[in-house]
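Next come the chains, spelled out residue by residue.
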Amino acid sequence: MTPLQHIPAGAWSDLPGERAIFGQDKPLRLAGGAELGPFALAYQTYGKLNAERSNAILVCHALSGDQYVADTHPLTGKPGWWQIMIGPGRPLDTRRYFIICANVLGGCMGTAGPREINPATGKPWGLDFPVITVADMVRSQALLLDRLGIDKLFCVIGGSMGGMQVLEWASIYPERIFAAVPVAASYRHSAQNIAFHEVGRQAIMADPDWCGGDYLAQGRNPSRGLAVARMAAHITYLSEAALHRKFGRSLQDRQQVSFGFDADFQVESYLRHQGLTFVDRFDANSYLYITRAMDYFDLAAEHGGVLARAFHKTPVRFCVVSFTSDWLFPTAESRAIVHALNAVAANVSFVEIESDKGHDAFLLEEPEFFATLNGFLNSCAEHRGLEGASR
Amino acid sequence: MNIGGIRVDLQLIADMVAANSRVLDIGCGDGSLLDYLVHFKQVDGRGIELSQAGVNACVARGLSVIQGDADTDLRDYPSDAFDYAILSQTLQATRDPRRVVGELARIGRRVIVSFPNFGHWRVRWRLLMDGRMPRTPALPEQWHDTPNIHLCTILDFVAMCDELGIVVERALSIGANGVATPVRSSWRANMAGAQGVFLLRRA
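Chains as they are written, first to last, in the numbering used here: chain A, 8 to 398; chain B, -17 to 185.
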């Protein structure tokens, strides 16, 4: 497998999947005021769009995800991040639905981002890439749907930052989606979460190889900083109970502690591994941009501080999902979304799934989560008149 | 007792609901009534249920249900959001039944409430004869493990509706044999009914 740092910036022809160019005639106006164009979106599709073009589901990925949601990742060789969710007989059944997943704006897997070539200079963008927001990600996805000839999505679904995009979709384009499933998400990034992101960004920027963001041009890579950022973040995706169950205080390949600073404990070794493997598939500057987009996300603030206004008269059917042990996006934040949806008498389901696996539970095989999604999507498909709907 | 697959009191409630209406079922349990209304009356139905297991079961069967509490979560909803707000066998387990009924009458153009009648002759008889907290088919739990904290009689309920300025449009009492009778004399229904089912609206 080829690590990301060995792929020249802008060289995407070898990677599988689709890539479309937007903003050639009319650039995309970003929330920060900048204009972006032309720019690329890299995406994957699964299943078949029906004749009525009514069976499309947009999957929105999280901070460290990408468009390879349901097939082998070209850089790591590992299964797609939601492969267990997508496919024949799975909740996002490819026999019934047409699944789309695009790498977000600011990403590093073929979509416009700091690792891409700035068309104005012919060099990698680096920190010249404009700061983007969750709303910018969503607006770019809407352009992709226009290109694919899809007026209305059957459903938009995603966890974590993917869930933020789902909420933004429901807010900006309520008429373009039939159903929305924000999972393990929030309507605004909390102070604690911004704080964790800042630790990650500082780790990257403290790495001398970051070179003020210019590492691509200087042939270097702040892999140690990015690895530390990933290690810190990874802890927030788990739970105390999950860490204890998995590792306890077990030692790594030794009988006793070394009285030094090697990875004595299994949990240390595990985190180091998480950090090392992450830098082979992720770009440090992308990490800065995408964490920033999450920090800036506050759907209530965008609507005068009243979240319910984001969903005024919404026709969308919602299914909000949280997990009991998720302390990064705790149930209370999902409940706040539900309260806002109730205030506009929206059609909403809300389930909290019992799990000790922390925030990462949304990526794992949780039977009750899958049963919830099956029930919700089947019911929506019935109301939408999709083929193959069954109770 | 089972008609069309649902409990007799639920069937009586379902019969009060007009087809194609908007319904909020508070304390919807496993979703039996909501499922019936969605599929046989084509309502736009939503549910609130306290137990997470109940909520997950409802959503897995395709119903729009959230986890929530009648005492705290009704205030979120806008006025007149629903044609019917239904509270079946839940009133007696709320902390503030009076406020809950007031909220229901604000959210729904019509309100349907069913509850076990503590004035039923069997309840009176057991208390009189045994001197112990009555246990009947409608009130099966022991005093110490019941979720019911605000039991009332049909007369109590009618009096509260009067105080709230809420009009009783229809009232049924269900006897211990499961047969429903329209309430003509509240006093008699209060003696003969094991449960009361009321259709209400704001005055």
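Derived by calculation from the structure, the hints in this document are not laboratory data.
Accuracy of the hints is not assured; some may be wrong.
Claimed, not checked - Label-pair distances were calculated between CB atoms; the ranges are: (1) Gly(-13)(B) to Lys33(A): 24 to 34 Å; (2) Leu146(B) to Gln281(A): 57 to 67 Å; (3) Gly39(A) to Asp78(B): 44 to 54 Å; (4) Ile179(A) to His126(B): 38 to 48 Å; (5) Arg256(A) to Gln34(B): 26 to 36 Å.
Stated by the list, open to error - With a straight-line cut-off of 35 Å between C-alpha atoms, the simulated DSBU-like cross-links for lysine-lysine are: (6) Lys33(A) to Lys130(A); (7) Lys23(B) to Lys159(A); (8) Lys33(A) to Lys253(A); (9) Lys320(A) to Lys55(A); (10) Lys23(B) to Lys320(A); (11) Lys55(A) to Lys33(A).
Note that beta-carbon positions come from the ideal geometry of N, C-alpha and C, so glycine has one too.
Comparing the hints with the structure gives:
1. Roughly 57 Å separates the CB atoms of Gly(-13)(B) and Lys33(A), a value that falls outside the hinted 24 to 34 Å.
2. Checking the proposed 57 to 67 Å range against Leu146(B) and Gln281(A) shows it holds: the Cβ atoms sit about 59 Å from each other.
3. Taken as a hint, the range 44 to 54 Å holds for the pair Gly39(A) and Asp78(B), whose Cβ atoms sit roughly 48 Å apart.
4. As the Cβ distance of Ile179(A) to His126(B) is approximately 53 Å, the hint placing it in 38 to 48 Å is violated.
5. A beta carbon spacing of about 33 Å between Arg256(A) and Gln34(B) agrees with the range 26 to 36 Å that was offered as a hint.
6. A C-alpha spacing of about 22 Å is found between Lys33(A) and Lys130(A), which places the hinted pair at or below 35 Å, so the restraint holds.
7. Of the pairs offered as hints, the one joining Lys23(B) and Lys159(A) holds, with about 28 Å between alpha carbons and a cut-off of 35 Å not exceeded.
8. Of the pairs offered as hints, the one joining Lys33(A) and Lys253(A) is violated, with about 51 Å between alpha carbons and a cut-off of 35 Å exceeded.
9. Distance hint between Lys320(A) and Lys55(A) is fulfilled; the C-alpha atoms sit about 32 Å from each other, no more than 35 Å.
10. With a CA separation close to 24 Å, the supplied pair Lys23(B) and Lys320(A) stays within the 35 Å bound.
11. At most 35 Å may separate the alpha-carbon atoms for a hinted pair to count; Lys55(A) and Lys33(A) meet this at roughly 30 Å.
Taken one by one, the earlier hints fail for this structure at numbers 1, 4, 8, listed in ascending order.
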